[in-house]
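Novice: Sequence:
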Amino acid sequence: MTTSSTFITLEHEETARTLKALAHPARLAILDYLAHQRSCYCGDLTHQLPLAQSTVSQHLKALKEAQLIDGTIEGVRSCYCISQKGMELMQTKVIPLLQRMNTTVSQKCC
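Just so we're aligned, residue 326 is where the sequence shown starts under my numbering, counting upward by one.
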C-alpha cells in the first residue's frame, strides 16, 4: 500500500500492517501463548489452539510477515517466539499512536 499523499506516511503504513496482523483473535491467542513461554516454543501450536493445522499456519505466516514473531522450521520441528524487532515496532509506532489518541479523548471535542 504505497501512496503519493503526504498525509499517509510510511509510518502509517507500517503501523497499519502491524495492526492488521493483530486484528484476529487467533493471532492474539498465538501471541499471548508465546508471551507466556519462558523460551521459544518448539512444537505444534495446533495442540494449543482449536484450529486446523492449515489455519494455524496461515496465522503464523501473517504474524511472521508483520515481524511480530520469529519462527524456524527444521524438518518436522517448528520453533516460534515473540520477535524483538516486532516489539520494538510496537513500542515505537503503535503505543505512541495510542497515547496520542488517548490524549485527544481526554480533551472534550464534541
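Worth flagging that the hints you see were computed from the coordinates, not collected in a lab.
Please note: incorrect hints may appear among the correct ones.
In silico PhoX-like cross-links for lysine-lysine, where the CA-CA straight-line distance does not exceed 25 Å [claimed, not checked]:
| # | residue 1 | residue 2 |
| --- | --- | --- |
| 1 | K345 | K418 |
| 2 | K386 | K345 |
| 3 | K389 | K345 |
| 4 | K410 | K389 |
Novice: Could you run down the list of hints and mark each one as holding or not?
Specialist: Checked hints:
no. : hint           : result
1   : K345 with K418 : 14 Å, holds
2   : K386 with K345 : 13 Å, holds
3   : K389 with K345 : 12 Å, holds
4   : K410 with K389 : 11 Å, holds
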